[in-house]
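2 protein chains.
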Amino acid sequence: MALSGIEIRRPDDMHVHLREGSQLAHYARDAAASFARALVMPNTSPPIQSAVELRRYLREITEAAPGLVPLGTFKIHPKLSHDDVAALKEAGAAAGKYYPRGVTTNSEDGVAEVDAAFPVFEAMERLDLVLCIHGEMPGAFALEREERFLPELEKIVAAFPKLRIVLEHVSTKEAVEMVRSLRGGVAATITVHHLLFTLDDLLGDGLDPHLFCKPVVKRPGDRDAILQAALSGDPRYFFGSDSAPHLRAAKEARRGAAGVYSMPVCMPLLAGLFEEHSSLALLENFVSRFGAEFYRLPLNTGTLRIERSEWKVPDEYHGVVPLCAGQKLNWRIV
Amino acid sequence: MALSGIEIRRPDDMHVHLREGSQLAHYARDAAASFARALVMPNTSPPIQSAVELRRYLREITEAAPGLVPLGTFKIHPKLSHDDVAALKEAGAAAGKYYPRGVTTNSEDGVAEVDAAFPVFEAMERLDLVLCIHGEMPGAFALEREERFLPELEKIVAAFPKLRIVLEHVSTKEAVEMVRSLRGGVAATITVHHLLFTLDDLLGDGLDPHLFCKPVVKRPGDRDAILQAALSGDPRYFFGSDSAPHLRAAKEARRGAAGVYSMPVCMPLLAGLFEEHSSLALLENFVSRFGAEFYRLPLNTGTLRIERSEWKVPDEYHGVVPLCAGQKLNWRIV
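Residue numbers (the working numbering), protein chains in the order written: chain X, 1 to 334; chain Y, 1001 to 1334.
Chain X with its partners taken away, still in its complex shape (with noise of 0.2 Å):
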């Protein structure tokens, strides 16, 4: 018996980037056309920030892509309050977004000192949002910054033991066993590059600036752990993509941009993971249910098809080079 071909329930992408202005519109129609709902990231330039950004942000998104369902958040400063949390929340927030200061992508305000957002991490625990983290520690070495960072994840989560937490896109051995020894309420998602990737593909042959991306991919111990993690139906692990686009001169220039642009390949690259680790059945958990039942959300309905077919990968999306660009595929969005 061959296998044609999977209908999954419609996934979550519970991590992605549709920047703004006039590639939006792209990116949210490539986000639409594998995944029901998106967990928008609020690092847009300038970042979402008030109810009234979120509510524009998630209207331009939902008239680019009206097949995308668009979950909120907004970008933490210390200057928030709690009322301005409940008018986010109100909004559309299903979590607000914790940047260490200058660890990524127009994070240069993000925040100094973790104490310092404490005030707005208790109006969202009062408010039930959940919390997103980019955790890794400005200032330490590349490719220690997310183990660095343990450390304030676990005061975090113990100075607020009601509030949800996510580690985002976890990079590291150390990241996954951290979240499986804290408390019910933490999770963490896994991107596809972080799954299948490692400094050997970025840096291995020549240089991929396309595989540049925060956290950095790392070790293949590290990658190993991951993939245990998203293998195991756990459901503190489940997706996010982190698909983070830039256009090519933006990656291949003196100084590359951080952010890999996945979401073209995201669903065939895990199908044909899942199916090498004769896991397949896995899968639906993993995109589908996992990461909804942590946001309190229903699961979706309707199916996404990926059949078993050979196809190539374009070399650009809308002036973006995705992940995998030029090379062969075995799965295919139908």
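These are calculated hints, taken from the structure and not from any lab test.
Restricting the straight-line Cα-Cα distance to at most 25 Å, the calculated cross-link-like pairs of lysine to any residue (SDA-like) are:
#1 Y:K1328 to X:G102
#2 X:K162 to X:F118
#3 Y:K1173 to X:D205
#4 X:K328 to Y:A1257
#5 X:K173 to Y:D1201
#6 Y:K1173 to X:P220
#7 X:K328 to Y:G1102
Place chain Y on chain X using the hints.
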């Protein structure tokens, strides 16, 4: 008292890539501005593997840059006979370069198994030629390739007790320590970029394709060990820039080429670094004596003057983005 400049014996660059074709003259002249002699690597396209090719190549360099004395090398291939090696020496070879297959630019035709090159090493030992080694294990994880190669180095050192050997462009603490632990007649070259930079500079903020090289810059502890070796006064560590230009378009690309163009800035950066560590008096041995003595060459006559004078590194030289492009340096070649 303020130091306005230093004069040192004209230095040698014991590892440099001058390439071929229309760019060669530019690179050779840039080298002549800082160095009296340069050991020129043979991984041109096609590579230097015969006496005829080496003679032609050395003549080209001398015609382009009469102020620079090129020290020849050839690319080791198992097919080379004792007579071939003798003819290469006669044609001006000071060393043969061993590249494991696939480890760097134009090494696809490198040697697959080190044992296959042993007859060539034997000829070199008898002819008293130096063996230069790109010490990385192909296929190993990028950050571990050098360390994983060290047992091969030990094997070569043991098999050819009289062969002079240079482990080129050391990039790890382990390699620095290994060279210190081996018999006399085994040395290492050190580049300016491995003395100054780590992975943080390559990928900690944006991605810098112009700092991408093989072996890749590593951890702070590795850089510190290399710096200690350079400042130790131990004659087994001497300067080789591994300056390796690629045109901008080949670096800021979908698959960026490996190599740092440090030639225009290496002596100013070394002066600044040695000054910062109160070790300016040690610079001359590192760049003008230890290498020459290892290669059994007379010391250069004449001096190079390096002034304490601020300048801004140009963004490009002949279509190549140099190390520290656009940055201000405190020392300059007169």
